[in-house]
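Engineer: Please construct the entire structure, taking both the sequences and the accompanying hints into account.
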Amino acid sequence: MAQAFPYTYYACDCYDSNNTSSTKRASQLLQEADEDERTFDPRSPRANYSLYPLEHLLYCEDCQQIRCPRCIIEETLNWYCPSCLFEVPSSVVKSDGNRCTRSCFSCPLCTSPMQTFSLDMAGDVAPPFILECQYCRWSTLDIGIEFDKGQGIAAQLARIGNGGKHIPTNKEREKERERRKEIEGRKSRDLLSPSIESTNTDPDREEGPPSHDDLFSNLTAFYKSQVDAQTPSNPFSSHDINFSSPSAYSRIMNLYSTTGSKKNKRNKPSAMREAASSLEGLTIYDPANDAAAIERIKKEGWGVTLSPAQKHAQIDPNVRFVDELRPLATLLCTKRSKRCRSCRQILTKPESKITSTRYKIKLLALNHIPRLSIRALNATPPIPVASRTTDTLHYNALNPGMPSHFLLHLSNPLFDPIKVTLATPSTTPGRVQSRVTILCPQFDVGANTDIWDDTLSSSLLPIKRGSITDQAPQIEAGKIWDRGRNWTSVAVEIVPGFTDAVGSGVPDELEEDEDVLEIAIFVRIEYETDAGADERGPGDSRGGKGEKERREEAFWTVVGVGRIKG
Amino acid sequence: MSRPIAKKAAAKGEYIETDSGNKVSRRSAITGTANITLGGRTVIMADVVLRGDLHSTRPTASSSGKEGTPTSISIGKCTVVSTGTVLKPPCRMSRGAPNFYPMKIGDNVFIVVGPNCVISAIAISSHVHIGANVTIHPFAVIKENVKILPNTVVPGAMVIASGSVVGGRPARIVGEVGEGWGVSGGGAGGGLGVGGGSEEKWVEGGDLRELVRSIR
Ligand SMILES: [Zn+2]
Ligand SMILES: [Zn+2]
Ligand SMILES: [Zn+2]
Ligand SMILES: [Zn+2]
Numbered sequence: 001m002a003q004a005f006p007y008t009y010y011a012c013d014c015y016d017s018n019n020t021s022s023t024k025r026a027s028q029l030l031q032e033a034d035e036d037e038r039t040f041d042p043r044s045p046r047a048n049y050s051l052y053p054l055e056h057l058l059y060c061e062d063c064q065q066i067r068c069p070r071c072i073i074e075e076t077l078n079w080y081c082p083s084c085l086f087e088v089p090s091s092v093v094k095s096d097g098n099r100c101t102r103s104c105f106s107c108p109l110c111t112s113p114m115q116t117f118s119l120d121m122a123g124d125v126a127p128p129f130i131l132e133c134q135y136c137r138w139s140t141l142d143i144g145i146e147f148d149k150g151q152g153i154a155a156q157l158a159r160i161g162n163g164g165k166h167i168p169t170n171k172e173r174e175k176e177r178e179r180r181k182e183i184e185g186r187k188s189r190d191l192l193s194p195s196i197e198s199t200n201t202d203p204d205r206e207e208g209p210p211s212h213d214d215l216f217s218n219l220t221a222f223y224k225s226q227v228d229a230q231t232p233s234n235p236f237s238s239h240d241i242n243f244s245s246p247s248a249y250s251r252i253m254n255l256y257s258t259t260g261s262k263k264n265k266r267n268k269p270s271a272m273r274e275a276a277s278s279l280e281g282l283t284i285y286d287p288a289n290d291a292a293a294i295e296r297i298k299k300e301g302w303g304v305t306l307s308p309a310q311k312h313a314q315i316d317p318n319v320r321f322v323d324e325l326r327p328l329a330t331l332l333c334t335k336r337s338k339r340c341r342s343c344r345q346i347l348t349k350p351e352s353k354i355t356s357t358r359y360k361i362k363l364l365a366l367n368h369i370p371r372l373s374i375r376a377l378n379a380t381p382p383i384p385v386a387s388r389t390t391d392t393l394h395y396n397a398l399n400p401g402m403p404s405h406f407l408l409h410l411s412n413p414l415f416d417p418i419k420v421t422l423a424t425p426s427t428t429p430g431r432v433q434s435r436v437t438i439l440c441p442q443f444d445v446g447a448n449t450d451i452w453d454d455t456l457s458s459s460l461l462p463i464k465r466g467s468i469t470d471q472a473p474q475i476e477a478g479k480i481w482d483r484g485r486n487w488t489s490v491a492v493e494i495v496p497g498f499t500d501a502v503g504s505g506v507p508d509e510l511e512e513d514e515d516v517l518e519i520a521i522f523v524r525i526e527y528e529t530d531a532g533a534d535e536r537g538p539g540d541s542r543g544g545k546g547e548k549e550r551r552e553e554a555f556w557t558v559v560g561v562g563r564i565k566g
Numbered sequence: 567m568s569r570p571i572a573k574k575a576a577a578k579g580e581y582i583e584t585d586s587g588n589k590v591s592r593r594s595a596i597t598g599t600a601n602i603t604l605g606g607r608t609v610i611m612a613d614v615v616l617r618g619d620l621h622s623t624r625p626t627a628s629s630s631g632k633e634g635t636p637t638s639i640s641i642g643k644c645t646v647v648s649t650g651t652v653l654k655p656p657c658r659m660s661r662g663a664p665n666f667y668p669m670k671i672g673d674n675v676f677i678v679v680g681p682n683c684v685i686s687a688i689a690i691s692s693h694v695h696i697g698a699n700v701t702i703h704p705f706a707v708i709k710e711n712v713k714i715l716p717n718t719v720v721p722g723a724m725v726i727a728s729g730s731v732v733g734g735r736p737a738r739i740v741g742e743v744g745e746g747w748g749v750s751g752g753g754a755g756g757g758l759g760v761g762g763g764s765e766e767k768w769v770e771g772g773d774l775r776e777l778v779r780s781i782r
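Chains A and C are the protein sequences, given in the same order. Just so it is clear: in the first sequence, position 407 is 407 by our numbering, and no numbers are missing. Just so it is clear: in the second sequence, position 119 is 685 by our numbering, and no numbers are missing.
Honestly, the hints are just simulated from the structure, not real lab data. Note that CB positions come from ideal geometry on N, CA and C, so glycine has one too. Don't take each hint at face value.
Chain C stretches covered by chain A per the calculated footprint, using a threshold of three residues with CB under 8 Å from any CB of chain A [what the hints assert, rightly or not]:
#1 582 to 596
#2 739 to 749
Residues of chain A placed beyond 10 Å of chain C at every Cβ, according to the derived structure [said to hold, decoys possible]:
#3 L77
#4 D96
#5 S118
#6 K165
#7 R173
#8 L219
#9 I346
#10 M402
#11 S426
From the derived model, a few chain A residues whose C-beta atoms are all more than 12 Å from chain C [claimed, not checked]:
#12 E61
#13 I73
#14 A221
#15 F321
#16 R371
#17 N399
#18 A423
Structural biologist: As structure tokens, this is what we get:
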């Protein structure tokens, strides 16, 4: 997702550890980083899979580590339709699929939700009803479908084919199969009759090729009958055969095993055969279908065909033309709880009620690791919205070769003061090399104490320089820029690289987003906290006189500063 | 809840501040003020159009029993409607006559939208962030904790489930906001840079009090 400059992403280190269960401590990590002299490259293709905004990261208190979507396990609590907000029991999801079975549909052309309308001329809510898209005005009238009732559209639609044709139910299909089998049986008995004649009178021909659903039902019926035939003296229930179940597998293995008992030898089973006719679900490729499709495109143009996305969204994979489209039942959503992948600790658990947005458990990274942000030093003080346009212009056109100053701002969510060490490669990786210097890489950040302390002591705050006083801001190496209750800011000097130094000097040769100035910053924090006080609160840190425990935390961040002017 | 007409005689500034702390720009275009309620500490910026005059014309069988002024737009607390946005209650033809339905917007909603973009949702819940140049067609329902990306067109009657990020024309769900949506963390209350890497004191979907305070 494209984000406006400036932004900060946090790297979860699970991206390069093969074993997520390794509980490396921050100090070890740091050591390794020192030894390897490895720096995080925001341009590497793998970085895409480890960088997240802080809001998306969770924190495992047991492992004392950031947890990203890659190193958590999700558990579905419940399923619901996002449109009508009805909960769907998981048993129904298993039997009927992951779509709304009420009246929620989206447009097969543009994906917008469809609404039920009455076509009654008098303005009453009376039949016939249709589904219509409010965005592109596609409606079920385009495929010749009207409904008798305004409710239960899904059930009605399941019985109406395009053009108003009746779609047989499973029972009707079964009857039809029986009928045809009889006809075929009669034909095969009369072997001597000319075959051409019999194919001409075949009702199958008149109706065109069987539909996808017909074939599927024929095929499942055929395989069921095959399995039933193979296991006549089956002690298990024969009606629910699950090919993936171990019992069914062992049954099949028994059929083929040579060391069968005498019983098995007596009625030696014939091998299972494959479908051999369309009644059994076999489709024979018919070039006439393709020829007809090509002929149609020649006549009516590309307009009648579907885009890949539209075709992909359809249930029937063989759909090609707009008149074959079906409204799409809305996909269900889930509510999920999340666990740490290595220690199985629950990290988030929402309330199970569909309408509730609250959480029973929510362990967020932003309550455990400092928030790092960057802004241009000379940017106008943050007057919201109004200054927005000028600011974005600024960040989108950094002057190459011009040293410019930025402020790195670090705020501490912990109830203990922290010692921070920042590190960054002096030049950014890649072809557009920008020089980066953090003027004060080591500093302290105050504890996140009660908010009232801040207002009381705000007048006594140390070193307050910059935009508030009239003094011209002074940037000194080794000194912080500004500080507040639980935050500290330091200056960074950045010399954006030249984009036209790339290649032969033609800016066109820049790859996508190669002119984006991103800085990888390694953040290491160190603090002392009450041992065992996992549920840290403002009261705990003050009142607790127990053992102090030293803790460390280290992680990579990527700060998106802006785009370099071409 | 107070009607925005209760104005304080204040110094000539950009905003008129009401008793409950609503800030309404002098340059906003509000019609039918009697039909609009603002929850307090809500900001209506310049050139915002609030069509309070488009209220239900049906005989109101109001729940409170009193035959009073129908509400056409109600906005909650700490909600910011930025410059140029048009809020127009949704309309449906009923027996040949247009009938308007009241629009309800929750708390801490930031409508960035901008000039000439019309919002006609029937309901927008709390902690919603609506990006620049977004158009919302009539009767859309936006649930809590939703982010609408810039330049999105939300089609009519779309229900956006809570926790979704939507974008595109027409809007479709492109992601989830993440558990940390709207949580400013311990960083709130001091200094800059609470926002997701930017310099603001507030986060998208979070408490907008700081933002409201800074607007004057
Ligand atoms: Zn991870
Ligand atoms: Zn539904
Ligand atoms: Zn459509
Ligand atoms: Zn864990």
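Engineer: Quick check: which numbered hints come out false for this structure?
Structural biologist: Result: hints 1 and 16 break, sorted rising.
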